[in-house]
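A.B. asks: Go by the hints and put chain B onto chain A.
Quick note, the sequences are listed as chains A and B, same order. Using the working numbering, the letters of the first sequence map in sequence onto residues 1 to 431. Using the working numbering, the letters of the second sequence map in sequence onto residues 1 to 81.
Just so you know, the hints here were simulated from the structure itself, not pulled from any lab data. All C-beta atoms, glycine included, are put in the ideal place defined by N, C-alpha and C.
Residues on chain A that point at chain B, a partial pick, calculated with CB under 7 Å: (1) L149; (2) G178; (3) R179; (4) L180; (5) W182; (6) A183; (7) D202; (8) C279; (9) A289; (10) R292; (11) L293; (12) H296; (13) A300; (14) R304.
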Amino acid sequence: MSQPAIVAAPPESDLPGPYEVGGYAARLKQELQKFARVQLVGEVWGLRSSRARVYFELRDARGALPCSMWSSDFETLGLTLSDGMKVVVGGGCDYYPGSGSSSPSFTFAVSELRIAGEGDLLVQLERLRRRLHADGLFEPQKRLARPLLPRTIGVVTGESGKARDDVLAGLQRRGWAGRLVWAFVPVQDRQAAPRIATALRDLAAMPEVEVVIVARGGGSLADLFAFCDEALCRTVALLRVPVISSVGHHTDRTLIDDVAAVCCSTPTHAAEAAVPIDCTAARADLLAAGRRLNVHSRRAIVERVRTLERLAAAPTQHIARHRRQLHQLLRELRASARRAVRDGRSRSGVHAAALERTVERARGSERTARARELQRLALALAAHDPQRTLARGYALVEDRAGDPVTSSAAARVAHDVRVRFHDDVIDAEVK
Amino acid sequence: MSTAEPAPTYEAAVTRIEEIIRRLDSGQAGLRETLALVKEGRDLVEYCAGELDAVGQGLEELRLDDLVARLEGTQGARSDA
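Isolated chain A (complex conformation):
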């Protein structure tokens, strides 16, 4: 045996001790045993037995714990455990402090053990659901825009399951016949969740994939537990493409249903949700829309042409209307003039007759007056008639020209005169 090394001065430290390790290990055992006794749920892995105890690990996605149970207690249960089996164990922490010749070990000392039932799974599921919800992972998928008419759809499902046929039936019902990318994965064993997550990531990495369906037929909650895997749900929540889930039914809703964009009760419905429109009906609608556009196009032109024609004809019609009015006015004017003439003539006739009567009346009285005046004048004239003077014995001397000779001198000058008596004229010579 080698000589012990010269003991150096102990290193300076603020920590208490040093203590003997055995004492510390015994103290650790006491402290661990103070932990509350609880039930744990997880999957059994690495089951092995020794003479006195059975050992196994209890695992889930987030961690593991070494467990041990007295063999006598385990045999009393009459259970046959295998790797991956989900169990609920009851017990508490324990620590074997070891010794100078044996290694220490920590163990969860199991005093109760049962196969996990649906109730246990539901409790576990609900706890995880609350955690995902608190992390805001139910919302991102629901905020993604889902295409109305995707050209490429990814489908994650079991290769031999009925879900595959149901998806095809749903797409056929929509009249959709585009591109499908199948990702066939195990859908219920222990490897299912990571395989599904990988398939989803690969599909989302393809730019042409616009929506992904995750489909599985019904089953017990234990069968569907792969779709409640936390890592898978976190993957789905953060994908760039919308995921439509159809896993299980309403009675056993899985966590992937909560984080997905849409959750459907059957793979057929999931396919219909992936293609929200009926392609056959959409073609008919499109045809109708095209026809209506054509109608509007024609109507826009034809109606305006008619309007223009109407507007173009308006001045002509306006003139014709005025012409008709003028003709009517002219006819009325003429008729009015004729009436006026006729009436005037009638009135003039009456006036004329009245006037004539007045004239006649006037003419009668005037004639009488004039006759009397004429008679008077005639009498006056007769009084001055030279003939009457001549008749009384006077004679009138005239020259050859017929002019009266009023003096003897004029008579001498004239020499030849004519002497007019009341009954005849005689020539005379002045001597």
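C.D. replies: For chain B alone, coordinates are given in the frame of chain A:
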């Protein structure tokens, strides 16, 4: 720099066609607007018909495994080269 507009989506095109028809049905659009709307509508109908044709030619089924394997093979060949 290209200023080309992004390709319309089917749903946006259908929504716009419905808007156009509502506007035309209202009878409030003038001649110039009517002709412009009809042209836009016809283009959109043509686009939608193309989209429907794309998902009406026949189902094409691919396997993700094959696509991944093909992609990995291509990348492997490149790295070998």
